[in-house]
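Quick mapping for you: the protein sequence lines, in order, are chains L and Z.
For the first sequence, position 343 matches number 343 in this note's numbering, and the numbering has no gaps at all.
For the second sequence, position 55 matches number 55 in this note's numbering, and the numbering has no gaps at all.
Only true hints are included.
Dumping the calculated DSS-like pairs for lysine-lysine here, alpha-carbon to alpha-carbon at most 30 Å:
id, chain 1, residue 1, chain 2, residue 2
1, Z, K116, Z, K66
2, Z, K60, Z, K118
3, Z, K302, L, K121
4, L, K284, Z, K297
5, Z, K262, L, K284
6, L, K121, Z, K297
7, L, K129, Z, K297
8, L, K284, Z, K302
9, L, K195, Z, K364
10, Z, K297, L, K136
11, L, K497, L, K403
12, L, K97, L, K129
13, Z, K262, L, K121
14, Z, K262, L, K136
15, L, K497, L, K49
Bear in mind the hints are in silico, worked out from the structure with no lab data behind them.
One-letter residues, chain by chain:
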Amino acid sequence: NTSEYCSSIAISELSADVLRDLPTAQRFALDIGGSLSKIVYQSKRKWRKTFVVYDENTDSHLYSTQELEKEADCLHFIKFETRLLENCLDFIYDNLKGSDGRGLEILRNSPLRVTGGGAHKYRLAIEAKLGCVVEKEDEMTCLVRGCAFMLKHIPGELFSYEHDSSPPCCFADELSDGGEPFLLVNIGSGVSMLKVENETTFTRIGGTSLGGGTFWGLGSLLAGTSDFDELLEIASQGDHRNVDMLVGDIYGSESASSVHGLSADIIASSFGKASKADCKEFSKPDLLRSLLITVSNNIGQLAFLYASRHQLRRIVFAGFFIRGHLLTMRTLTYGVNFWSQGSVKAYFLRHEGYLGAIGAFVRGLEKDRRIGVLTGSWAENLCTSSSFDVGSWQGMAALELDKRKELTDFPLLRDRLDYVPDTWDLSQSCQQFQAAFQSARLNPPPSQDLSAREYWLNCFEASIDRHQQRAVLSQPDSPSATERGEAFRLAYQNFFKEARANPVAFGQLTVRRILDVQEHCLRESGFPDPFWVLKREENEVALDGLQSRLSHLASLPSADLPAALIRGLLGGNVFDWGAGRVAELLAEHGKQFGLNEAMEQLQPRPWLVDDLDAWTSRLKAGVYTCAIVFVDNSGCDLLLGVLPFAIDLLDRGVKVILAANHGPALNDVTIFELRALIRRVGSFVPRVADALSSGRLLLAGTGSSSPCLDLRYVSVEVADACRQEQVDLVVIEGMGRAVHTNLYAKFSCDCLKLAVLKNAWLADRLGGNLFSVICSFEPAAAAAVG
Amino acid sequence: ATIAVMASRQLSETKLRRRSMSTSYRLPPLPWFGMDIGGTLTKLVYFEPSLDNAEEEREKVAHIRKYLTSNVAYGTTGLRDVHLEMPNVSFLGRSGTLHFIRFPTCSMSIFIDMAKDKNLKDLADMICATGGGAYKFESDFQSRLGMSLLKLDELECLLNGLIFLAERHPLECYYLPEPDPSRSDCLRQPYSLTRQSDCYPFLAVNIGSGVSIIAVRGPRDWNRVSGTSLGGGTFLGLCCLLTGCETFEDAIALAERGDSNKVDKLVMDIYGGDYELFGLRGDLVASSFGHMMSVDKRAEAKPEDLARATLVMLTNNIGSIARMCASTQGIDRVIFTGNFLRCNELSVRLLAHAMDYWSRGSIKALFVQHEGYLGALGSLMELVDPDSINNAYFTSESAQTASDDSQKMSSRKE
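Just chain Z, with the same shape it has in the complex (with noise of 0.2 Å):
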């Protein structure tokens, strides 16, 4: 295992050169995607070069691109995030737009169907994938559209589109200098981070349908290192059950109206007050859903109190794995990631509490912009190593760590 993971370093050095020396080789042929094969959404990210060049456009590929960017919508289920879209962008020593899209996993047919309509396969006989999705839907991909996925590692995808995202998108990063979670005009103050700077050590927090955290010491140095099960797909499935909501945006949306305090049990509930002897707040959560074994209390709480509840145990929760592993760590800064926290401002403003109110200030809870594209956007750089078509990261460790959750720590952890 050690030669196999000293290989795929070296390897990623050499990909990292030739990405600066610009177009010394071939080009793949356009269309360019980079997807991302979550346990509940699929990302894409799509690159459209601009034609001021007076380039010639295939057919096809002009195709594609109208059907992409002329829309917000695709089919019944899939959506473009307008408001992250990246103009002038330059990558592979050409120009253009980044777009961000999204459906759900479970609608990976209804994709299929349609690139397959679009003659997708007559372009490119690959696309950049990454995520779980990218092992489970590879058959399909293969036997109904004859392309093959190019699988590449979840979280080097995810790190290499944090960094790419960061060094180019001043605004990416961001933090809360005076996080309240009752205040939804919390200013966002921008935070540089960049690989020139000293960005390193730093924890990323991704958290999709589960929570994977690495820890991440340089460029090509990371380990995961922990994980929780407890994650967005825990908030979703519970807000449903709960409160009959149908979609996340539902779910936040009532989460945002509610109040936990009906449904929380607090440390003044049982104690009648502070729990003085060890230092702890009356008004903090003592038990959450600690009130809810009473009828009476049951009766009481609306769909709303029970979101918001839901989501101030799910933060809560995260915040305090990430911040034990932050300091077992010895790392001062967490990068929070993933598609829980797209429009979810409250969710952003839980966690930076959390974080600086349990660190008493000395860990420092950043955000992304592009929180959920990350990973799509990773793979999306794999696409110009032709090396990488040989060499996917099956034999490295990094592919050993690649899951979404809970699976072995990585033998590197420290």
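Here chain L stands alone, though its shape is the one from the complex (with noise of 0.2 Å):
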């Protein structure tokens, strides 16, 4: 039969990519819903990294590096029709069955977990099949619990509807904290309004009956045909105003907006003019269309009530109805907005299809307490994952998660809910941040920057070669090489070819966004660390000048030494790979460029935030405990410009922690790479050694490779740091750090942002020049007055 043979196909197509992992899997669960069915498996996955080795008996090189294939877990989820269910059962029988049997084997050790309509009507089916035990998870208990999972690992997961932006939806990360309770309303065949407090506490309040199985089984009636997504394809080209009596229709058009100040096209009665004897004929987009509109609207009122009636102000809808479809979305807002008058909101999430095969999968191992399996934190895999396409169903077709260390907030923010990373929202209009920008003072940029888009896509589009080049010269050894480079460029060409069609493909579009898909796709093609030998190159050079860097400053009179070490420290951030005009100046003059020729660049004050004396007669008053300093680059930038200057905060009596990625990004310092400097740096500076070992400076890695900083995101051991050592003042340095990303952030101490501004458009957005200079110092009371 012909379908069956297609239906194997699609199946082995999908293996080559996201089922490729199968084998060695470690654990499964299952959401077998009407149409749709999930999969959700954990697999150890092999990715090369790098080590950094320290020898302080060799001579060579400061410290040389290694790269090594390391396992990782990792979590697939794959969606597939469920009529394709037993295929899909013997695919991975046989994929188990090949890895030496073993697969198998670590299947059957702890039951299935299986949630969804349909695992109670299979569950013989994959028993049989699997000779494994199913155990039926409760379908609204594994919601709840994807909810929370999705909330808590992927930033961006959340997003509104907004009928006048365009893409239509704005991401929010509102729910994230598991603050204050929401509605989750689950749109399966019928409908569950479930409130929730937090990810195991929640109750059901109520339904309706008039769900996703009203909108399918009265649609397959009206239209004759029975797929979901083609009845939902029909309803988009419709006009429900055929069949639905209007407002219009009842009051005439004139005075329904005259007389009452109403729109003429408000639904009076759904459908109400399909009695209608003198017009029998309707078409069938105008029908389903009427349909949709009636039991969305429909849900939206009831989801509405019931989040009233128990003060909820935020309604999140999941389910299979919604599956990205705009119509759907808007309906529901619609219906939302309409009757709360704005009071409540509603949200959606963009991966809403796999909250039950996740939910099911944590409840399995709660139950079968290994929940240290989930310890850490899940981070999306921007390579891997297919792109979330609003609009359409095939959105959100495949999603991987990499077990990363475990992650939390930074526990210097001001206030953890106001905090938005990023500076500029690349998908969409800036409005949001004008009032932001404002408080930075700087010049608010357009509302509409759509340009802003458009600058950055094309400027790291134009990277893509570049990059390409250096990843496959950091591994001259390995013949495979060349084809993982072009296995990096087309991955990454991809993301720019989905990104410019839909800049929400992968949520909200940032310059970091950005940045963070070119490390995976570099990760993901096997090159962990192109910069490292450039890296190693420029620590080499910048420590050879370090003693006399030390004793310049040595001999300035005290006075002068604060402002000194800034603009030292603002010389050393030009040293910036990332940056394509930097990249151009130390090619062009190689190792003649150094931290004076690159002072020398920068802006003349007064800076374009220039907050030096207020930093400095702070500096001067010495109130300060212990400072973190997150780094930026290698070489000039952290052993010439941040080593000085936390050597003299160490010589002022405050602690330091130098706080560092942990992995590769550009030309980035890692935590590995940093701990073998400073010990280098301690052989020849008593006081960095000394300090050192009593722990007054102290090395940590922030649990990020990004040049950006997400403080959502920092590791325990940066969060728990802050806390022991009573941190009072903060530093970030860098444009990736300071200005793309918390430019406007507020923290509940002293902040000192300092950057160099190494991009003409981004100066110019920032009423700048090229090397213009940010030094924004932020003292704890002013951000709690502003």
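Using the hints, put the two chains back together into the complex; each one sits in its own frame.
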């Protein structure tokens, strides 16, 4: 039979990609719905990873680097049509059996958790096929767990439908902290309304039988086809006004608006025209659109009624009915807005379809007392996950999450809920940032800043060749490097293609997001650290100059020292291989371009934002206990700019935490390199060795591998250190961490943000020029007022 | 807006005083009509005065009276609901009979022709009318008949009509002590609802083409709290599409014979029994029409079953919204009105049962005999107030809440 044949082809084509890690699968969970089913499985993936090897006895290099394969946990999400369930099970069985049978053994060790409407129906079939025990998991419980999981781990998971925006979704993270209870509306065959207090506590407060099954069933009757997605597609072509009785039909279109101030288009009676004997012919698109609106509007209204009855201000819609369909989301949102007059807000989830599956997975771990698997953070793999396409049910086809270190909120943020890491939303308008820009004393960008998206996409896309080249060069001994370099290029190019067509393909589009995609694509292609050679070179050169830099600083009158240190730090920050203009300068002048040359490039004072005097007098007051410094580039930046600044703080009796990335990103220094470098510095700068051994100088990994800094996700190490050492000064350095992100982050303690604008467009947008300087000192007290 | 509202409330009080003073002012000329022009049906209430006081009746008035009272059908689509007729009613100091007549709003043109034919405009130059059609057809009445329409607030007319009937007609209001959707012989128990009794507050749920939900706290203290576009028009529209039936009566007759379980997915169809975690019984509907995506089940479902499922879906949904509104408003009595319930015993049982089951007996569902004519009756009552000609509700707040459906909630919502 043809369709069966097609099905197995479909499955095996799928296998090349999303099912490739099946042989190392450790654990499964299944969500079987009426039309679509989802599998989540956990695998061990092998990554190339860079290790810094530090040997004090070798003098050829500062340190050496080894690339090794390392296993890491990965969660894979796949969806497929429920009618293909048996094929899919066969495929899983073959793969598990193929991996010397151990896979099957692991599968049979613990019950397979299955949720969804089909859990009951397919239970025996699954048990027979896979030879494992199936345990049914409650749908609602899984949904709530899954929702909590996604909100916790995936930034930009939540969005609202904004009809006047383009694309019409606005991302929000308002529910991620799990504070205020919210209403979770699951639109499956029927509808359940759940009041969710936290990830384990929820109550079903109501529901309705007019749900997805009603649209599907009634739609099938009206259209004569049972394909859910086809029904949605037909509906989107129709005009419900031919079928529904509108206020204008009853009052006359003029009276409705002139007498009552009502829109004549408001629906008075759904299907109200369908009974008129004189017009029996209705088109299928019109009927289906009317049906879709009827069902969605009604759910939106009931959701509002339940939310207001229980004093809930936020509604999250989930369930198979939505599947990213624009008209559905629009009508649900309209219903909530209309009845609540804006007092209740409707939200949707980017990975709504996977909530049940991941919930069942989490429930399984809880029951098997293996919850340890979940500790840590799970990050969306932006290279292997397929994009989210609003308006198409195919949105969110595949998802992969990589296990990362456990990450947490940076404890010194003044208001975690107010914190938005990114300065520009390249997805759409910058309106929301206007006030923030003013508070950062910068010119606000134009409200409809579409050119920003175009600029940054072009800017990063133009750098692909440069990165590909460097990546291949970083592995001179690998025969596959060229081929993998090509794979990197294709994957990264593909991202730009998608992002141009659909700016919200991976949630909110920001500079940070683009840089994340770049890192993910490199990592996925087996290039964990393309800059490692260059970084080591730069570090070695800079290290040679450290002694003379320190001597020079020591010769200055003490009153001039703070300003000189800041200038040095800013000069050091010019050394950024991520910035095109700088990369040119560095390539042109080579080693002749040193810290002094860099400092000469800096904008003369007064700087674009110039708080140098305020900072100097505050520093001299001697009020600080401990400072945390988020460092940026390797070489001059770290060793000649940041380190002397840190040594000065230590001299003033201030403890210092130097915080560096865990993973490589461009030429940013990693915590592993930092440790090697500081130990080496200690060998000829006794003050540093003393501070290190006495615990006054601490080195911490941030948990990040990005040139930007998202303070909602920092390592527990950094968070704990801030608390234990009573950090009262935060120093953030560099364009990625202090301009693209955190430009207007507010802290509960003093903060010093330092950056050189090494990009002409960015400088222009902020009202400055190339090499303009931001030296923003934000005292805690002022932050509390502002 | 506040001033306008105050004015209209004072006016209403004056009006009430005048009514109680009987005939101390000039009565409007006969015949006395009240009209309610809805999205689907037009309702007409006609007061036929008794002629026992040897009064001279004008020839044209007599002509109209004889035409209306000697027929039960008018043209091809007009009908008089004889079973609702109310004899011996005292109205404006006269005694007489109230007649209840309806015709489809799409036959309005025929009605206007008939009124022209009977020279209605020689007797009066104005008709009291409510409903959205009072706006839509105003210019037709003016141009073709030379009569103006006194446009009256829909919900106010509805409530006035309701209280008027409840006070004069002891059997007007009733409830089902033991609602059971499967039994057609459910006992109807009269319920006393008069202005004198503490009848407030209550929730009025008017099911016409669409549904309006009004919280009523006192004689002139009410606001529209909600509504839904899923109403009687939806039932009839869907039934026509699904079963090919053509009239409301046919659709109801089909529904009475059908089995919705052939069409709907029940909780037990999904969970194999009760959904115990949430206390949902296995025989509850989980998904209306939830079986119909299956080709086989579609082939098995008969038109009766589809009609029944449509009815069950809509009554459950209306009941659900009404119940949420009642509990949000702190109200425990819900009066269902509107033409959807005309000759629709089944829906009465379904609504009564749904309210009783889901509120666990804490909210009472009430029904009225003249379900669809309250608005028309209310508009007839406005005939008496000569001031009302100049003081229709254009400027009042209530006028802004007057449309059929789905509009902004009144700002008086608490």
